[in-house]
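Asker: Chains R and F are the protein sequences, given in the same order. Be aware that the first sequence starts at 24, since it is given in my numbering, and climbs by one per residue. Be aware that the second sequence starts at 4, since it is given in my numbering, and climbs by one per residue.
It is worth saying that the hints were derived from the structure and are not from the lab. Heads up, the beta-carbon is just placed ideally off N, CA and C, and yes, glycines get one too. Some hints here could point you the wrong way.
What the hints assert, rightly or not - Below are the SDA-like pairs computed for lysine to any residue, each with C-alpha atoms no more than 25 Å apart in a straight line:
#	chain 1	residue 1	chain 2	residue 2
1	R	139	R	90
2	F	151	F	114
3	R	139	F	64
4	F	140	F	183
5	F	151	R	52
6	F	107	R	159
7	F	151	F	169
8	R	139	F	18
9	F	151	F	126
10	R	139	R	99
11	F	140	R	111
12	F	107	R	165
13	F	140	R	140
14	F	151	F	115
15	F	107	R	33
16	F	151	R	99
17	F	151	F	198
18	R	139	F	139
19	F	151	F	183
20	F	151	F	192
21	F	140	R	165
22	F	107	R	196
23	F	140	R	183
24	F	107	F	117
What the hints assert, rightly or not - Pulled from the structure, derived: some chain F residues nowhere near chain R, Cβ distances all over 10 Å:
#	residue
25	39
26	42
27	54
28	62
29	68
30	73
31	114
32	130
33	138
34	171
35	172
36	182
37	196
Listed below are the residues making up each chain.
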Amino acid sequence: MLAAVVLAHPSPDAYCRVLARRAVTGLRAAGHDVELLDLSASGFVTAMSSTERAAYHGDQPIVDPQVAHHADIVRRADALVFVYPTWWSGLPAVLKGWLDRVMVPGVAFVFDDAGKVRPGLGQVRHIIGISTYGSPRSYVRVVNDNGRRILTRAVRLSCGVRARPRWLGLYSIDTSSVGDRDDFAARVEREMAALR
Amino acid sequence: MTRALVVHCHPLDDSLVAAARNRVLAGLDSGGAEVRHTDLYAIGFEPDFTAEDHANHLVAGADPSLANHVADLQWCDMLVLVYPTWWSGQPAMLKGWIDRVWVKGVAWDLPEGANRLRPLLSNVRRIVVVTTHGSSKLVNALEGESGKRTVTRSLRTMCHPFTRTNWLAMYGVDTAPAERRTAFLDRVERRLARLA
Numbered sequence: 024m025l026a027a028v029v030l031a032h033p034s035p036d037a038y039c040r041v042l043a044r045r046a047v048t049g050l051r052a053a054g055h056d057v058e059l060l061d062l063s064a065s066g067f068v069t070a071m072s073s074t075e076r077a078a079y080h081g082d083q084p085i086v087d088p089q090v091a092h093h094a095d096i097v098r099r100a101d102a103l104v105f106v107y108p109t110w111w112s113g114l115p116a117v118l119k120g121w122l123d124r125v126m127v128p129g130v131a132f133v134f135d136d137a138g139k140v141r142p143g144l145g146q147v148r149h150i151i152g153i154s155t156y157g158s159p160r161s162y163v164r165v166v167n168d169n170g171r172r173i174l175t176r177a178v179r180l181s182c183g184v185r186a187r188p189r190w191l192g193l194y195s196i197d198t199s200s201v202g203d204r205d206d207f208a209a210r211v212e213r214e215m216a217a218l219r
Numbered sequence: 004m005t006r007a008l009v010v011h012c013h014p015l016d017d018s019l020v021a022a023a024r025n026r027v028l029a030g031l032d033s034g035g036a037e038v039r040h041t042d043l044y045a046i047g048f049e050p051d052f053t054a055e056d057h058a059n060h061l062v063a064g065a066d067p068s069l070a071n072h073v074a075d076l077q078w079c080d081m082l083v084l085v086y087p088t089w090w091s092g093q094p095a096m097l098k099g100w101i102d103r104v105w106v107k108g109v110a111w112d113l114p115e116g117a118n119r120l121r122p123l124l125s126n127v128r129r130i131v132v133v134t135t136h137g138s139s140k141l142v143n144a145l146e147g148e149s150g151k152r153t154v155t156r157s158l159r160t161m162c163h164p165f166t167r168t169n170w171l172a173m174y175g176v177d178t179a180p181a182e183r184r185t186a187f188l189d190r191v192e193r194r195l196a197r198l199a
């Protein structure tokens, strides 16, 4: 199984980076192939350009070689794993930009003759979110976890009916202890190692 | 007099969203509002929340290069967001504007020891969203309307307690005939003239 791990955090010493590493360790221990896409470290461009927008509904919606590389991995992936900090109850801009630019027609979905969207990611069996939250879980519930919704509902609609979403969240991170963070990182590795 | 800040986010000048922005400005003008207008793509807004932004995220104040954006946000009593809904949320460019401008000391404060944010944008009394959705209202409902929730819950929470929100959306743009677009644009101008 091929797992694409998409990491979206700008800081070299971020806790999310630790989580991504532990996820990769777990997935490899389970015998899976892993492609780690570190968006900030690889200089991934956040906003869709005017050239890309103009090409969106044409035959070649992808114009950037890095986007083409990521799209190629997504087309082959059996698992999509997203590791990011939740900001404003949603995805960091660079991860939203990754969806906007990589998950384009011909990759994530196709338009049928009537102009309606049809799923394109039938091979994806797992959608996994690993996220940290400044707010406590109860508050996240009230304002809604929009990042989670986008990944487990909007993106999932582009996957096959077999796709299972799974969510691992560390809440109230600003008041969490080192022990809490270590426990959560260990849980991430354990759950990824158990993925089949 | 109403002070309206219009934030427009679309890479193409000949798009339906850009046309809606023009009608927003026309409506506000005929209603007698004082208007400031930010076109994120036209000014080349840098949407990435950087490692440096992250290192300073608990220090009050935005990056000094964003001072104009902060001043506009603190000046307005009506915020008008004009954007296309992509992957059921705001485009990465607009999410980046939120991540980088709505920071501690501008949109919220976190007093020592508290784990709930305190709102700071009590000048904002109304948020208007003008947006287009490629797919139908039903598909958007299944996807969870994350963009709508980001505005009506997350952003609104940092504004005045009685802040009203208005949602002016066109669904099914990908398959819509020209007269529906015209009707949408007319509705946008009428509503904004009334709200001004």
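Asker: Grab the minimum beta-carbon distance between residue 68 of chain F and chain R and tell me whether it stays above 10 Å.
Answerer: Given a closest Cβ separation of 16 Å, the condition holds.
Asker: Beyond 10 Å from every chain R Cβ: check whether that's true for residue 172 of chain F.
Answerer: holds, 16 Å
Asker: Are the Cα positions of residue 140 of chain F and residue 111 of chain R separated by 25 Å at most?
Answerer: holds, 24 Å
Asker: Holds or violated: are the alpha carbons of residue 139 of chain R and residue 139 of chain F at most 25 Å from each other?
Answerer: Within the cut-off at roughly 9 Å; holds.
Asker: For a C-alpha distance cap of 25 Å, please report whether residue 107 of chain F and residue 165 of chain R respect it.
Answerer: holds, 21 Å
Asker: Holds or violated: residue 107 of chain F with residue 159 of chain R, Cα cutoff 25 Å?
Answerer: Roughly 18 Å separates the two Cα atoms, so the pair holds.
Asker: Sort out whether residue 115 of chain F lies within 25 Å of residue 151 of chain F, counting only the CA atoms.
Answerer: Violated. Residue 151 of chain F to residue 115 of chain F sits at ~31 Å, over the 25 Å cutoff.
Asker: Take the C-alpha atoms of residue 140 of chain F and residue 183 of chain R, compute the straight-line distance between them, and say whether it is at most 25 Å.
Answerer: Given pair residue 140 of chain F, residue 183 of chain R holds - Cα atoms ~22 Å apart, limit 25 Å.
Asker: Taking 25 Å as the top limit, are the C-alpha atoms of residue 151 of chain F and residue 169 of chain F close enough?
Answerer: At roughly 10 Å apart (the allowed maximum being 25 Å), residue 169 of chain F and residue 151 of chain F satisfy the hint.
Asker: Taking only the CA atoms, is the gap from residue 139 of chain R to residue 64 of chain F under or equal to 25 Å?
Answerer: violated, 44 Å
Asker: Is the nearest CB of chain R more than 10 Å from the CB of residue 182 of chain F?
Answerer: holds, 16 Å
Asker: Given the hinted pair residue 139 of chain R and residue 18 of chain F, is their Cα-Cα distance within 25 Å?
Answerer: It holds: about 20 Å lies between the C-alpha atoms, which stays within 25 Å.
Of the hints listed earlier, those the structure fails to meet are numbers 2, 3, 5, 14, 16, 27, 33, in rising order.
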